[in-house]
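> Just need the whole structure built from these sequences, with the hints factored in.
Number of protein chains: 2
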Amino acid sequence: MGELLRDAYAVQTGIGPRPLAGGRLPRPVIEIIERDDGLINGAPAEHYLAGPEQWQPYDHRALDRVAGSVLDVGVGGGRIALELQRRGVPVTGLDISPGAIDIARRRGVRDLVLATVDEHARDGRRYDTVLLLGSNLSLIEGAQRAPGFLAALAALVRPGGQIIAHGTDPYGTTDPVHTGYHRRNRERGRLGGQLRLRLRYRELGTPWFDHLVCSPTELAELVNGTAWRLADVDRADAPYYLATLRLAA
Amino acid sequence: MGELLRDAYAVQTGIGPRPLAGGRLPRPVIEIIERDDGLINGAPAEHYLAGPEQWQPYDHRALDRVAGSVLDVGVGGGRIALELQRRGVPVTGLDISPGAIDIARRRGVRDLVLATVDEHARDGRRYDTVLLLGSNLSLIEGAQRAPGFLAALAALVRPGGQIIAHGTDPYGTTDPVHTGYHRRNRERGRLGGQLRLRLRYRELGTPWFDHLVCSPTELAELVNGTAWRLADVDRADAPYYLATLRLAA
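Residue numbers (our numbering), protein chains in the order written: chain V, 607 to 855; chain E, 607 to 855.
Because the hints were derived from the structure by calculation, they are not lab data.
Just so you know, even glycine gets a beta-carbon here, dropped at the ideal spot from N, CA and C.
One or more hints might be untrue.
Label pairs and their in silico Cβ distance ranges [stated by the list, open to error]:
#, chain 1, residue 1, chain 2, residue 2, range
1, V, 751, E, 826, 24 to 34 Å
2, V, 793, E, 803, 51 to 61 Å
3, E, 793, V, 830, 36 to 46 Å
4, E, 657, V, 622, 18 to 28 Å
Covered, in the sense of this in silico footprint (three residues per stretch, anywhere, with C-beta under 8 Å from a C-beta of chain V), are these stretches of chain E [stated by the list, open to error]:
#, segment
5, 634-641
6, 648-655
7, 803-813
Some chain E residues well away from chain V (every beta-carbon gap over 12 Å; in silico) [as the list claims (entries may be wrong)]:
#, residue
8, 625
9, 644
10, 669
11, 689
12, 711
13, 725
14, 734
15, 747
16, 758
17, 775
18, 779
19, 781
20, 822
Shown next, in the form of structure tokens:
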């Protein structure tokens, strides 16, 4: 969703044409998230560009866990990478969106790669920490994709490497819109929080994709049998959590 | 979209459960507007509850044109009706949404009617000014609906009555997403700005409906041959305008 980030950047900085409604009034930049059961939500895009003073506590604690060189998977507008740079941490931002890479570069992120994790795993570069922040743990998709995704991340780290991931336990809700969705997912052999989503912005839209929101228990099961072990789960901000995965010795 | 207003009201006042994302973080209340060509926009809902200090200039000038008793068509959260009450102007709020009526009542609007304009025209009540503010001029829908809608409004006013309507001229844009839509509309015998829309909020959605965005010239043509005449168009905030319609003598 490069266009979304570009517009949010124009609103924040005044650089580039900012979106207007009816030709004159500023139009807020809002990402639309549609689920395949018809649930639809709008989320203002500025959080993609938010500075550390606007972050949630788990983002700060995630960065405190960083060690060595960092791969920021799904760098987006670069909010995490910029703060790591400011702290003097070597960081590479990875994204599949050329528009995101462009905005992250314009905002000052120095090392950027336009690729999937699988593609980048074949580039031969290695890191000490892989970050899956924002909603990027969702890239694990589900039981089918998890082994391949986690293998690609294992190929991207040096011995002793770690993944720091931010997750949300989706099962605390009593909202029938969500509990019914979880139940129907399980009836079809999917994880409860294996959301089928597409993102829309004005006339643009992604294809439908699987976006996994999983509990720490489910994450442990997905990690089981891979090169990784779930070393720690920080639940201080429940239902949000920070998971640390380490390469199994 | 009563649920949308209810949630926006909860956010603004703290009265009632306010919407949360992931069970803990506040979720912004955003109305989703989908056009039948796939264009989709999100609009934060708080403007429905905005006080006069946050209004656009044309809303203030609209209220300056009010005379006598007022029917506020599409009262929504009651922002216009509340200000008229504050000024001592007799005002009735009309809406087809029970949720909107509920919120307008809780916010202090005293005289509210749950009905369409056609239904209310049969109730026998009469007003001096009909307001079509916000985007409520769009209720004119198109050439087919205009005579019936304007006849119902004529039946709702006393001799000498007026309509004050806020419109937007849609044809100033050069965005091909819009100009292409206007062209395809005209090719099908519709007005260029006769938008086919539905509103969505979380799991809820309206049916598709025609929402007319017309130029002052088009409005004059739609009014021609009805009980009304287009007495004045105030274009001080172009592309927005205020149209005053008066009963033809």
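> All hints are to be evaluated individually against the structure, with a verdict given for each.
For each hint, the structure was consulted:
1. Distance hint check: the CB atoms of residue 751 of chain V and residue 826 of chain E are about 59 Å apart, inconsistent with the given range 24 to 34 Å.
2. A beta carbon spacing of about 34 Å between residue 793 of chain V and residue 803 of chain E contradicts the range 51 to 61 Å that was offered as a hint.
3. At roughly 59 Å, the beta-carbon separation of residue 793 of chain E and residue 830 of chain V lies outside the given 36 to 46 Å, and the hint is violated.
4. At about 32 Å, the beta-carbon gap between residue 657 of chain E and residue 622 of chain V misses the expected band of 18 to 28 Å.
5. Counting residues of the segment 634-641 of chain E whose beta-carbon sits less than 8 Å from any beta-carbon of chain V gives 4, enough to reach three: the coverage restraint holds.
6. Residues of the segment 648-655 of chain E lying with their CB closer than 8 Å to a CB of chain V number 3, which satisfies the three-residue condition for coverage.
7. Residues of the segment 803-813 of chain E with a Cβ under 8 Å from some Cβ of chain V number 5, which satisfies the need for three, so the listed coverage holds.
8. The claim that residue 625 of chain E is not at the interface with chain V is violated, since a C-beta of that chain comes within 12 Å of its own (minimum 10 Å).
9. Against the 12 Å criterion, residue 644 of chain E falls within the reach of chain V, whose nearest CB is about 6 Å from its own CB.
10. Listed as a non-interface residue, residue 669 of chain E keeps its Cβ farther than 12 Å from every Cβ of chain V; the least gap is roughly 19 Å.
11. The claim that residue 689 of chain E is not at the interface with chain V holds, since no C-beta of that chain comes within 12 Å of its own (minimum 20 Å).
12. Even its closest Cβ contact with chain V, about 26 Å, leaves residue 711 of chain E beyond 12 Å, as expected for a residue assigned away from the interface.
13. The beta carbon of residue 725 of chain E is kept farther than 12 Å from every beta carbon of chain V, the shortest such distance being approximately 30 Å.
14. No Cβ of chain V approaches the Cβ of residue 734 of chain E within 12 Å, the least distance being about 29 Å, so the stated non-interface status holds.
15. Its beta-carbon lying about 19 Å from the closest one in chain V, residue 747 of chain E satisfies the requirement of being farther than 12 Å from that chain.
16. No beta-carbon of chain V is positioned within 12 Å of the beta-carbon of residue 758 of chain E; the least distance is around 27 Å.
17. Non-interface call for residue 775 of chain E relative to chain V: violated, since the shortest CB-CB distance, roughly 9 Å, does not exceed 12 Å.
18. Taking the minimum C-beta to C-beta distance to chain V, about 6 Å, the non-interface status of residue 779 of chain E is violated against the 12 Å cut.
19. Non-interface status of residue 781 of chain E relative to chain V is broken: a Cβ of that chain comes within 12 Å, the nearest being about 9 Å off.
20. Every beta carbon of chain V lies more than 12 Å from that of residue 822 of chain E, the smallest distance being close to 14 Å; the non-interface claim holds.
Of the numbered hints stated above, those contradicted by the structure are hints 1, 2, 3, 4, 8, 9, 17, 18, 19, listed in ascending order.
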